[in-house]
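Engineer: Chain by chain, the residues run as shown.
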Amino acid sequence: MSNEYEVFSPWAEADRVPASGITPRVSDLAGKKIGLFCYTVKPASTPIIKAIETRLRERFPSSEFSRFEYDYNKDLMDTPDVARFNDWVKGVDAAIAAVGD
Amino acid sequence: MYDAVYVEQLNKPAVALVNENFMYDARSAASSKGLPTVRVLASAVPCECINEQIVEPIIDSMMDDIIKGLTKPLSPQEESPEQPKVEETPRIIFKGNLQEINRFFYKRGWADGLPIIPPTEEAVKEMLTGTDLPADHILGKIVPRRGKATVEKVAINAVMAGALPTYMPVLIAGVEALLDPESFFHVWGVSTGSWAPFWIFNGPIRKDLNINYSSGTLSPGNIANATIGRSMALIIKNIGGARPGIEDMGVLGNTGKYSMVMAENEEANPWGPLHVENGLHKDDSAVSLIFPNSSVPVFPGTDYDGLLNSMIHSVTRRGLTCIVLNPAHAKTLFENGWTKEEIITYITQFARVPAYRNPSYHKAALIKIPKAYRVLNEMESSPVIENPAWIRIIVAGGPGNFIGIYAGGRWPGNEWVTKKVNLPANWGSLVKKYKDVVPNYAFY
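Protein sequences, first through last, are from chains A and B.
Counting the first sequence from 1 gives a position; the numbering used here is that position plus 34.
Counting the second sequence from 1 gives a position; the numbering used here is that position plus 55.
In case anyone wonders, no lab produced these hints; they're calculated from the structure.
Predicted model only: the values in this text are computed from it and were never measured.
Some hints here could point you the wrong way.
Okay, derived cross-link-like pairs now, DSS-like style, lysine-lysine, Cα gap no bigger than 25 angstroms in a straight line [unchecked claim]:
hint: 1; chain 1: B; residue 1: K127; chain 2: A; residue 2: K66
hint: 2; chain 1: A; residue 1: K84; chain 2: B; residue 2: K67
hint: 3; chain 1: B; residue 1: K88; chain 2: A; residue 2: K108
hint: 4; chain 1: A; residue 1: K66; chain 2: B; residue 2: K475
hint: 5; chain 1: B; residue 1: K196; chain 2: B; residue 2: K475
hint: 6; chain 1: A; residue 1: K67; chain 2: B; residue 2: K67
hint: 7; chain 1: A; residue 1: K67; chain 2: B; residue 2: K196
hint: 8; chain 1: B; residue 1: K127; chain 2: A; residue 2: K124
hint: 9; chain 1: A; residue 1: K124; chain 2: B; residue 2: K88
hint: 10; chain 1: B; residue 1: K487; chain 2: B; residue 2: K475
hint: 11; chain 1: B; residue 1: K67; chain 2: B; residue 2: K150
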């Protein structure tokens with residue numbers, strides 16, 4: 035037990051991802067196009083988004099709502115849905131995502 | 056979680072609702088994409104819950120926060136977050152005696168709860184004799200952390216696990232299997248389902264490394280089976296960055312995550328080995344990978360009829376499935392004229408359950424029944440495994456009347472992955488050097 039050893043680190047290097055700030059918020063949801071992202075691989079996301087949409091419609095009757103349903107169990111950027119996603123994001127002012135886990 | 060990040064990266068404000076117990080996971084995911092301050096709300100909705108009576112009051116209580124998430128002006132920190140610290144990873148990380156090193160590695164979260172062998176320069180150098188690849192060669196980046204899997208980091212983790220240098224080629228092939236998108240490691244490695252990598256070896260490497268494929272192939276006691284599995288678990292943790300309860304959210308966990316290594320008894324397989332079925336040459340050495348989270352030991356009848364019917368009663372509703380026949384059972388089926396394809400067809404055709412026994416029928420589970428297999432009423436039967444291509448039959452294990460069924464999941468695009476094991480030029484002398492590291496049990 036008394037022998038001393040110098041040992042290497044098993045922890046791998048990873049590329050440092052520079053941190054960016056998030057996007058400025060909208061001042062109010064009234065009259066805005068609100069995106070609702072539903073990750074249907076996780077079943078809970080559907081009733082969560084449905085409940086949120088119902089309540090937002092009550093509070094913001096002048097707003098529009100648009101859902102994006104996504105059912106790949108992989109990174110969205112690695113799927114054929116990227117173009118559809120980008121178009122959808124362009125068409126909304128703000129978005130709510132329900133992960134389901 | 057990445058979804059909210061991608062919305063933000065397209066310059067639209069977003070807020071994500073995440074289960075309250077997944078906040079660390081969500082933060083790791085957001086930081087890994089460069090948006091550490093993305094707004095995330097902790098939700099008390101239970102995972103996978105589809106009961107609106109449970110969901111709605113929780114959402115009622117969150118509505119003000121959801122609205123604020125999209126409208127409350129950004130704080131200075133959200134607008135301009137602190138840059139991540141550059142990780143200092145000196146080559147020599149610690150100096151101490153055996154106990155001090157073990158305590159240090161354990162406290163840093165780099166071990167697995169068992170004692171480790173200190174990865175000294177000398178030990179790592181010896182481990183690297185098992186490959187012709189340079190130490191700084193990057194095999195790829197392992198998710199979720201996208202850590203760089205250099206050959207040296209693989210060797211360091213292998214030393215810690217107690218592996219022999221001759222295991223380096225299979226560990227490198229194992230990393231390649233994890234990196235293959237068809238393995239779906241990005242899902243199975245961190246999923247709540249506690250899926251474990253099942254490493255199956257074929258070809259001459261089985262005997263070169265003395266991998267046990269006979270009695271107790273999955274039991275403790277064999278250095279190759281034990282330390283290859285343990286090395287891969289440490290690689291997943293220390294290179295991939297999947298730590299239990301932080302990124303790896305397996306609900307119950309799985310001892311198979313560091314121990315599930317088997318070789319096929321090809322000599323007792325009358326039909327032909329797994330790696331050939333998966334596209335390689337018989338003389339190749341290979342590792343195959345799926346991610347089961349459960350196994351069913353089947354106690355079958357001993358004639359071919361009993362064997363087949365025991366299997367159809369014991370396969371479980373999942374996806375990629377490995378049926379392990381012991382040599383005697385394989386022989387019985389073969390001698391009665393059954394091919395592997397016919398056995399698999401029989402299983403997919405006759406392993407059926409009434410719809411009422413399928414949770415999907417009651418809309419209470421994640422698994423969706425494909426349209427082609429939807430049933431009309433609760434008594435109509437549906438197949439347990441609908442696609443024969445998901446099943447493989449291998450031969451392993453000792454004498455005795457048991458069959459093993461290892462049931463994995465499957466997502467579209469997820470397949471059996473088989474990788475060739477590439478050997479270094481000095482393979483013959485290396486094998487000779489370590490071949491006699493075998494247990495010699497005394498009889499009593």
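Engineer: Compare the structure with each hint and give your call.
Structural biologist: Against the structure, the hints:
Between B:K127 and A:K66 the alpha-carbon distance is near 15 angstroms, which keeps this suggested pair within the 25 angstroms criterion. For a cut-off of 25 angstroms, the pair hint linking A:K84 to B:K67 stands: about 21 angstroms separates their Cα positions. This hinted pair checks out: B:K88 and A:K108 have alpha carbons roughly 15 angstroms apart, not beyond 25 angstroms. For the hint pairing A:K66 with B:K475, the CA-to-CA distance comes to about 55 angstroms; that exceeds 25 angstroms, so the pair is violated.
In summary, the hint linking B:K196 to B:K475 is supported, as the alpha carbons are separated by about 19 angstroms, within the 25 angstroms threshold. A hinted pair counts as satisfied when its Cα atoms are at most 25 angstroms apart, and A:K67 with B:K67 qualifies at roughly 11 angstroms. A hinted pair counts as satisfied when its Cα atoms are at most 25 angstroms apart, and A:K67 with B:K196 does not qualify at roughly 38 angstroms. For a cut-off of 25 angstroms, the pair hint linking B:K127 to A:K124 stands: about 21 angstroms separates their Cα positions.
Restraint check for A:K124 and B:K88: satisfied, since their Cα atoms lie roughly 20 angstroms apart, inside the 25 angstroms limit. As the CA atoms of B:K487 and B:K475 are separated by approximately 22 angstroms, the hinted pair is consistent with the 25 angstroms bound. For the suggested pair B:K67 and B:K150, the alpha carbons sit about 49 angstroms apart, so the restraint of at most 25 angstroms is broken.
Comparing the model with each earlier hint shows violations of hints 4, 7 and 11; every other hint is respected.
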